[in-house]
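**Student:** Each chain, letter by letter, is given below.
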Amino acid sequence: MQFRRSPVLVIAGISLSCLCTFGMAWGQQDQPAPELLQPAAGKRGPSDPIRVRLINIPESSLQYLALELDDIDVTAMVTMEGNTVAYTPTQPLAYGEHQLRLVEHSPDGNIDELGEWSFELRKNALFRDAQLNGNVTVNGTLRAADHGIPDPKPARDQADGSAQFNGQAQSEDWQMSGALAVIANSQSPMMPRQKGHFDIGQFMIAADSGLYGFKMGDQPLGPDSLVLQASTRRGISVSATAPAGKGSFTAFSMHTNPITGGANMLGVADSSNVVNGATATIKPIPGNLDALAVIGTYVDGGSNNPSGNSVVGGFGNGDGHADSLIMDSATLQNRLRLRGEVAKSSYDFDGRAGPLEPYSGHAYTGLVTYLPLQNAMVSNTPLVWSLSLEKKLISTYFRSPTNPGGVSDSEMSHALTEVNWNGLDVQLNAGKQSDNVDSNPLIPVYGTRLRTVVLTYSPQMNYMPQANGQPPATPWYGQPSLNASFMGLNKEIDQPGGSVVSTGPTHSTYTRVAGAAFMYTTWSWNINQTWTGDEGYTIDATPHTRNSTTMLHGSFRFLQKLSVGVDASRQNSANLGTAIDTNGTSGGLNLAYPFSDRITSTLMYNAKHDWLTDGSSDTVTSTTMASVSWMVDTAHGIEPGVTLMTYGNYQDVRNNAPNGQPGSNLYQVFVKMTLSWAPAY
Amino acid sequence: MKIGIKQMWWLLLAALGSMIAPPAWAAVTGSVQPATVAIPLAQPSTITLVWTVTTSPSPAPSFTISSSSGQFTTPLGQPLGTVNTVISRSFSGIVGGAPATAVITETVAVSPEISVQAMKLNATSIYYQRTFTDGSLIGLITDTGISIGGSGSAQFGITRMALEFDDGAIVRVVPKDSHLNAVANLGYNGSGLFSGYWEIANPASTSGTPIFMQLQPVFQGLGGIGQAKFASPDLPTNLQGMYIARLRVTDPPTGFDPPVLYYYVGEPKAGSAFSFMPMIVMNPPNQAYLDSATQFVWQPVTGARVYKIEIYANPDTRSSSLPDLGGSPSDIDPQLVRSALSRPPMAGMLVAGSQTRTTLSPSTRAKLQKGGSYFWRIQAISRDGSTVGAAQMREFRIP
Numbered sequence: 000m001q002f003r004r005s006p007v008l009v010i011a012g013i014s015l016s017c018l019c020t021f022g023m024a025w026g027q028q029d030q031p032a033p034e035l036l037q038p039a040a041g042k043r044g045p046s047d048p049i050r051v052r053l054i055n056i057p058e059s060s061l062q063y064l065a066l067e068l069d070d071i072d073v074t075a076m077v078t079m080e081g082n083t084v085a086y087t088p089t090q091p092l093a094y095g096e097h098q099l100r101l102v103e104h105s106p107d108g109n110i111d112e113l114g115e116w117s118f119e120l121r122k123n124a125l126f127r128d129a130q131l132n133g134n135v136t137v138n139g140t141l142r143a144a145d146h147g148i149p150d151p152k153p154a155r156d157q158a159d160g161s162a163q164f165n166g167q168a169q170s171e172d173w174q175m176s177g178a179l180a181v182i183a184n185s186q187s188p189m190m191p192r193q194k195g196h197f198d199i200g201q202f203m204i205a206a207d208s209g210l211y212g213f214k215m216g217d218q219p220l221g222p223d224s225l226v227l228q229a230s231t232r233r234g235i236s237v238s239a240t241a242p243a244g245k246g247s248f249t250a251f252s253m254h255t256n257p258i259t260g261g262a263n264m265l266g267v268a269d270s271s272n273v274v275n276g277a278t279a280t281i282k283p284i285p286g287n288l289d290a291l292a293v294i295g296t297y298v299d300g301g302s303n304n305p306s307g308n309s310v311v312g313g314f315g316n317g318d319g320h321a322d323s324l325i326m327d328s329a330t331l332q333n334r335l336r337l338r339g340e341v342a343k344s345s346y347d348f349d350g351r352a353g354p355l356e357p358y359s360g361h362a363y364t365g366l367v368t369y370l371p372l373q374n375a376m377v378s379n380t381p382l383v384w385s386l387s388l389e390k391k392l393i394s395t396y397f398r399s400p401t402n403p404g405g406v407s408d409s410e411m412s413h414a415l416t417e418v419n420w421n422g423l424d425v426q427l428n429a430g431k432q433s434d435n436v437d438s439n440p441l442i443p444v445y446g447t448r449l450r451t452v453v454l455t456y457s458p459q460m461n462y463m464p465q466a467n468g469q470p471p472a473t474p475w476y477g478q479p480s481l482n483a484s485f486m487g488l489n490k491e492i493d494q495p496g497g498s499v500v501s502t503g504p505t506h507s508t509y510t511r512v513a514g515a516a517f518m519y520t521t522w523s524w525n526i527n528q529t530w531t532g533d534e535g536y537t538i539d540a541t542p543h544t545r546n547s548t549t550m551l552h553g554s555f556r557f558l559q560k561l562s563v564g565v566d567a568s569r570q571n572s573a574n575l576g577t578a579i580d581t582n583g584t585s586g587g588l589n590l591a592y593p594f595s596d597r598i599t600s601t602l603m604y605n606a607k608h609d610w611l612t613d614g615s616s617d618t619v620t621s622t623t624m625a626s627v628s629w630m631v632d633t634a635h636g637i638e639p640g641v642t643l644m645t646y647g648n649y650q651d652v653r654n655n656a657p658n659g660q661p662g663s664n665l666y667q668v669f670v671k672m673t674l675s676w677a678p679a680y
Numbered sequence: 159m160k161i162g163i164k165q166m167w168w169l170l171l172a173a174l175g176s177m178i179a180p181p182a183w184a185a186v187t188g189s190v191q192p193a194t195v196a197i198p199l200a201q202p203s204t205i206t207l208v209w210t211v212t213t214s215p216s217p218a219p220s221f222t223i224s225s226s227s228g229q230f231t232t233p234l235g236q237p238l239g240t241v242n243t244v245i246s247r248s249f250s251g252i253v254g255g256a257p258a259t260a261v262i263t264e265t266v267a268v269s270p271e272i273s274v275q276a277m278k279l280n281a282t283s284i285y286y287q288r289t290f291t292d293g294s295l296i297g298l299i300t301d302t303g304i305s306i307g308g309s310g311s312a313q314f315g316i317t318r319m320a321l322e323f324d325d326g327a328i329v330r331v332v333p334k335d336s337h338l339n340a341v342a343n344l345g346y347n348g349s350g351l352f353s354g355y356w357e358i359a360n361p362a363s364t365s366g367t368p369i370f371m372q373l374q375p376v377f378q379g380l381g382g383i384g385q386a387k388f389a390s391p392d393l394p395t396n397l398q399g400m401y402i403a404r405l406r407v408t409d410p411p412t413g414f415d416p417p418v419l420y421y422y423v424g425e426p427k428a429g430s431a432f433s434f435m436p437m438i439v440m441n442p443p444n445q446a447y448l449d450s451a452t453q454f455v456w457q458p459v460t461g462a463r464v465y466k467i468e469i470y471a472n473p474d475t476r477s478s479s480l481p482d483l484g485g486s487p488s489d490i491d492p493q494l495v496r497s498a499l500s501r502p503p504m505a506g507m508l509v510a511g512s513q514t515r516t517t518l519s520p521s522t523r524a525k526l527q528k529g530g531s532y533f534w535r536i537q538a539i540s541r542d543g544s545t546v547g548a549a550q551m552r553e554f555r556i557p
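From first to last, the protein sequence lines stand for chains A and B.
Mapping of the first sequence onto our numbering: position 28 corresponds to residue 27, and the numbering continues sequentially without gaps.
If you count the second sequence from 1, you need to add 158 to reach our numbering.
There may be inaccurate statements among the hints.
Here are the simulated DSSO-like cross-link-like pairs (lysine-lysine), alpha carbons at most 27 Å apart as the crow flies [said to hold, decoys possible]:
1. A:K390 - A:K431
2. B:K525 - A:K122
3. A:K431 - A:K343
4. A:K42 - A:K122
5. A:K152 - A:K214
6. A:K390 - A:K343
7. A:K152 - A:K194
8. B:K427 - A:K214
9. A:K282 - A:K431
10. A:K214 - A:K245
11. A:K282 - A:K343
12. B:K387 - A:K343
13. A:K607 - B:K387
14. A:K343 - B:K278
15. B:K525 - A:K282
16. A:K194 - A:K245
17. A:K194 - A:K122
18. B:K525 - A:K245
19. A:K245 - B:K528
20. A:K560 - B:K427
21. A:K431 - B:K427
22. B:K427 - A:K282
23. A:K390 - B:K387
24. A:K152 - A:K607
Hints in this document: simulated from the structure, not taken from any laboratory.
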């Protein structure tokens, strides 16, 4: 954006025309530098204008000036007050330190920094920033009418609520922050832990003092590696960061699985579900920190109950330790990426108390990504081509307590190339995966060959404003986005073993997908078609199936207010072994209409029909939900906000199968009052 | 034929005896399918078994065939583990002791220590057996066709499902009209078609009996690496109260109830206007490569004084591995978006509210690195500083 093109520039241009009489260029050694003016009141407020006095600006330079606040180019909203550039924040600035920068972009592409300032918005004399805010909601609900709801029926009068509190305080050399979610429900079964009426959701307290930090509560764990899956866990961590981002170190003690509630606030109370560990990152090349990163991770812990509300399945009991070392390098202006990782583990598959001894495992990965072309243009459009190779080996007994979903017993080679030009993206993948990595003579070796082709076409459009000043119009086909993909997989026995005495193919799967999406100014629609086939041979007695799925979605907005969403899908799964097809169709309609800024309504309808062609199952389910909400007032500090709602739902289940369960229907109608508070300090 | 008093007594005793002890030929028998199935060594897996259990004669007009638990053993009978899941089938209206057959499908989660213990005992196959009873008789049915193989040998099945929100939390309290997504991390064996539905129970039913409505179907061929991630569509946050979200799997059979996520919607965020408008962005398309002439085009929002374009560094530019070989075009990972949003924007620009298109300013472009990947969004800000509109996050790349 050029300075003189914005409406503000007209103002600027007038002012600058007088300034340019100085006729001197920026950058001359003897020129006084631009000056950030102090606020008239002596203390800067969050919405106070920011003024920079320019001295001796040549007109030719003005169009290339840009003002940045916290890395956001705010030039479009700058006004000129004499020889002073003024920017009034469009939203109140946060307390803390802010960066202001005045730069000049010359026509030849050079950037001259004319001035850079940092200023502080201070909450009070003691703290640079100190704030505490909450969002508290209490809902009282009365079930006014009902029919057919199953026993035990919930109480007719219900109450539930939630609150989110956030706070932070900072000074020059330290800062603290905290977040706490609290939930309540008069129905214990509807609490996340299915007990009690009041509980803690997630929480975190963090403090750091320059290079050192401390966290307690639900916090992110990373970075991703063979031994650690980036995730959020409850626990305690301490960290240290080297100056200028040259490295970091974090030590932690966490619950092994995701948890909620106030029963184990620190996450480490249950010693059989705790993992302890540390990660260290070093970026040893000064001046080019991205050139090489070395990351080490060590974890030690176990789990005896991985399931919960949000997790099912997985490894069950187990206990062990694992470590990993990663070297990651990006060079040649990010055109070449090299990454390697080695890891090993010792894992007891039935926990410390079980009879099994720990098993050792090892793993490594290597990844190379290269962009052969640099600044390649075809018809004035960038052409990007990438090549990638990955090799990964994870031994049969490799297992880490902090990678609960991690795979093992896999040796994989993967090649990928991608070409992108003018919105067309072509991606080709090929890979081979083998198992029995530990060469156990008692079991066979399966080889799986995969190949995928992915095509997407999402052209950039050249929109021009209409003559009447209206926003740019879309062509009749809208903004299109097309995609198609194919995935083929063949599995075969490469080497016999155990009860498997011969080699040969055992399984094949394919997936073909075609999709199209079209977007217009007030509406959009998309359609996706998926075909899959799956067949097992010889010892893999998977039924031979063919599936076809069609999904259609449309979104519309009428009269600036009424939002309409339409969904439809159809699925057919043919079992060629039994000659029985499984069919499903569904349709949905979502409406949202605000009668005013404060009164809104929604209507949702969904119908599903699932049936087998042998007549043994045939079910039609339709569900309708409607609501009207009146936001009487929003919360202002400790003054409560009030919202009144009425809503209801109706579900009808019909079973058309001759020997099926009888159908059912139910409805519930509620009235609700919501009180909310938004206290803030 | 005449029957004397003595014979009558004998007949009565015989009849009573038959009620106490079944005839010698009476039995609970059956079989289990499939005949062969494999589980991977040292990994969790699921196997789906169909038990066909016949009792003859039926012990009563109404009865239940049931099994309280299943046992894994080696072929030599050494115990490996127990599955404490009751499976049963009830019958009624059975006349004259006619034989009755129950067909019961069971999906069994096999924990890794089962196969590890078996291999330690040099067993390359294992048995899974259940004892069935009809209330008076018992019968043992054993599946002998479970072999142990490598990771590639397993049949298609979901071994793990973990739900979380896009910030990794498993419970959220969010302001009204917030952007919120869930992510399902799946572990699976084998290959095949995954199908399921993202479903939601909103406050209109969670105050009573939760009723789940379909948000979006999920159909995806899975094969290869054994891990998959499915992001939900935008979760609704337009009603205050409690929501429950889940991904219900319809195929393959899982043998478990779907995990759920709870979230609570409260007061609108401070600074949000009463009427908040989702913005429509026309250009550039998601994941486009940018050049200096690329136009950013959007639909106007009533009441917007200024539009703010924010650009965030994509934290995944150094991901640990190549994309999955799954074969479908990838959408933006909402967890990456959430991670990017945890830091301030690294670039951006303001555009006057009278405009609906722009190119990136030179100072904004100067902050973007070659080969970089970035997320961006646009917000509409009113004269009083309220956010009156916002678009979903998109991604662009620099060649």
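**Student:** Indicate, hint by hint, whether the structure satisfies it.
**Tutor:** Hint check results:
1. Taking the CA atoms of K390 of chain A and K431 of chain A, the gap is about 10 Å. The hint holds against a cut of 27 Å.
2. Between the alpha carbons of K525 of chain B and K122 of chain A the distance comes to roughly 31 Å, so the proposed pair goes past 27 Å and is violated.
3. Our distance criterion of 27 Å between C-alpha atoms is met by K431 of chain A and K343 of chain A, whose separation comes to about 23 Å.
4. Under the criterion of a C-alpha separation no larger than 27 Å, the hint pairing K42 of chain A with K122 of chain A is consistent with the structure, at around 10 Å.
5. Restraint check for K152 of chain A and K214 of chain A: not satisfied, since their Cα atoms lie roughly 43 Å apart, outside the 27 Å limit.
6. Straight-line distance between C-alpha atoms of K390 of chain A and K343 of chain A comes to about 17 Å, which keeps the hinted pair within the 27 Å bound.
7. Between K152 of chain A and K194 of chain A, the direct Cα distance comes to roughly 17 Å. Compliance with the 27 Å bound is thereby established for this hinted pair.
8. Distance hint between K427 of chain B and K214 of chain A is fulfilled; the C-alpha atoms sit about 26 Å from each other, no more than 27 Å.
9. For the proposed pair K282 of chain A and K431 of chain A, the alpha carbon gap of about 34 Å is over 27 Å, so the pair is violated.
10. At roughly 21 Å between alpha-carbon atoms, K214 of chain A and K245 of chain A fall within 27 Å of each other, so this suggested pair holds.
11. Only pairs whose Cα atoms come within 27 Å are accepted, and K282 of chain A paired with K343 of chain A is accepted, the gap being roughly 23 Å.
12. Distance hint between K387 of chain B and K343 of chain A is fulfilled; the C-alpha atoms sit about 25 Å from each other, no more than 27 Å.
13. Note on K607 of chain A and K387 of chain B: the hinted pairing holds, with a Cα-Cα distance of about 26 Å set against a maximum of 27 Å.
14. With a C-alpha separation of about 21 Å, the suggested pair K343 of chain A and K278 of chain B falls inside the 27 Å cut-off, and the hint holds.
15. Proximity of K525 of chain B to K282 of chain A is assessed by CA-CA distance (about 22 Å); at most 27 Å being required, the pair is judged to hold.
16. Distance check on the hinted pair: K194 of chain A and K245 of chain A sit about 47 Å apart at the alpha-carbon level, beyond 27 Å; violated.
17. Restraint check: the Cα-Cα separation between K194 of chain A and K122 of chain A comes to about 42 Å, which exceeds 27 Å; the hinted pair is violated.
18. Taking the CA atoms of K525 of chain B and K245 of chain A, the gap is about 21 Å. The hint holds against a cut of 27 Å.
19. Restraint check for K245 of chain A and K528 of chain B: satisfied, since their Cα atoms lie roughly 22 Å apart, inside the 27 Å limit.
20. In summary, the hint linking K560 of chain A to K427 of chain B is supported, as the alpha carbons are separated by about 21 Å, within the 27 Å threshold.
21. Note on K431 of chain A and K427 of chain B: the hinted pairing is violated, with a Cα-Cα distance of about 49 Å set against a maximum of 27 Å.
22. For the hint pairing K427 of chain B with K282 of chain A, the CA-to-CA distance comes to about 39 Å; that exceeds 27 Å, so the pair is violated.
23. Straight-line distance between C-alpha atoms of K390 of chain A and K387 of chain B comes to about 21 Å, which keeps the hinted pair within the 27 Å bound.
24. Note on K152 of chain A and K607 of chain A: the hinted pairing holds, with a Cα-Cα distance of about 26 Å set against a maximum of 27 Å.
Hints 2, 5, 9, 16, 17, 21 and 22 from the list above are not met by this structure, while the remaining hints are.
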